[in-house]
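Trainee: Below, each chain spelled out in residue letters.
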Amino acid sequence: MPIYEVFRQEREGQPFQHGGSLEAPNREFADAYAREFYGRRAESFALWIVPREAVMEVREPYVAPVFDRDYRRVDGYSIKVKLKEARELAGTAEG
Amino acid sequence: MSSQAPPRADELLALADDELVLGWRDSEWTGIAPFLEEDVAFSSIAQTEIGHARAFYELAARELGGTADTLAFDRRPEEYRSSPLVELRLVHDWGRTIARHVLYELADAIRVAELKESDDADLAGLAEKIEREEAYHVMHAQMWADRLAESDDGRARLLAGLDELWPYALGLVEGAQRERFLADVAERLPFFFPPEVEPVARGEHVDEWAELWDEMTMVRRSAPGGRW
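Chains A and B supply the protein sequences, listed in that same order. Start counting the first sequence at 0; every next residue gets the next number (numbering that gives the first Met the number 0). Start counting the second sequence at 0; every next residue gets the next number (numbering that gives the first Met the number 0).
Looking at chain A on its own, in the form it has when it is part of the complex (with noise of 0.2 Å):
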């Protein structure tokens, strides 16, 4: 029997997050039970229900960093003084 993932929006707005899986004969199926197991007791504004197999999966690597470019990220230098001397000249300086 095909599996379903189950995702869970509990209000409206928010993202939605993974609630769990079922095994269904059909989506008519996986429908019905969705509703039951995750929209029962009013706890869900809205279900995503997924085929498993519908979903992509990848793993870690996604890309192999090979080579040291820790300019590439965002943790790799202080913008702290630049932002001073920008604001300097912007006339906007504070703190």
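If you're looking for bench data, these hints aren't it; they were derived computationally from the structure. Note that beta-carbon positions come from the ideal geometry of N, C-alpha and C, so glycine has one too. Careful, some of the hints might be misleading.
What the simulated footprint calls covered on chain B by chain A, stretch by stretch (three residues with Cβ under 8 Å from a Cβ of chain A suffice, anywhere in the stretch; the number is not a length) [to be verified]:
(1) 22-36
(2) 110-120
(3) 128-140
Based on the hints, put chain B in the right spot on chain A.
Mentor: Leaving out everything else, chain B in the frame of chain A:
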């Protein structure tokens, strides 16, 4: 639909008894349904039916006195107004169980829709709440009937159940409600009902009823007047 005169207490009891007994019968599948997801779903439906029974008993108790519990469990077996359809023990036969489920839910939807028009505001309000849950029951029953009808084996099992239970299902509703029921069945099920069938009407009880009543009331009878 025009507004309806409030049903008499015995009509409320018929509704409550149907839901209680069906909930009980459906709960016999708990732990042994065809697969885990269905086990949870069907058990939950059983529980919902019993919840509806409680609400109907409470309304009936306004007129008859007592409480939902005394009405549900302190009557003699012959006093129950449940329909023979819900009393049948169908556990271990999923095809017949689904046949009963879909026939019952289609008939029940018609009954509940009519209760929403009742002059009794409490009953109309209750019917509206019940309808929201029963809509899920209808969806569940229909998807199972459709699923069984997809394969030769499943279809044969479903049709055997519908054939056998048809006279019982006719006993659930009368008059205009029965006419609507016939139309709904014709539209939604792959089943050509025989034109002349004598309904197994409410008021009779099936052989298995005595045993079910005994089990259902056993704990309560073991401590008469007990507080729980």
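Trainee: Determine for every hint whether it applies to the structure shown.
Mentor: Outcome of the hint check:
no.: 1; hint: 22-36; result: holds (count 3)
no.: 2; hint: 110-120; result: violated (count 0)
no.: 3; hint: 128-140; result: holds (count 3)
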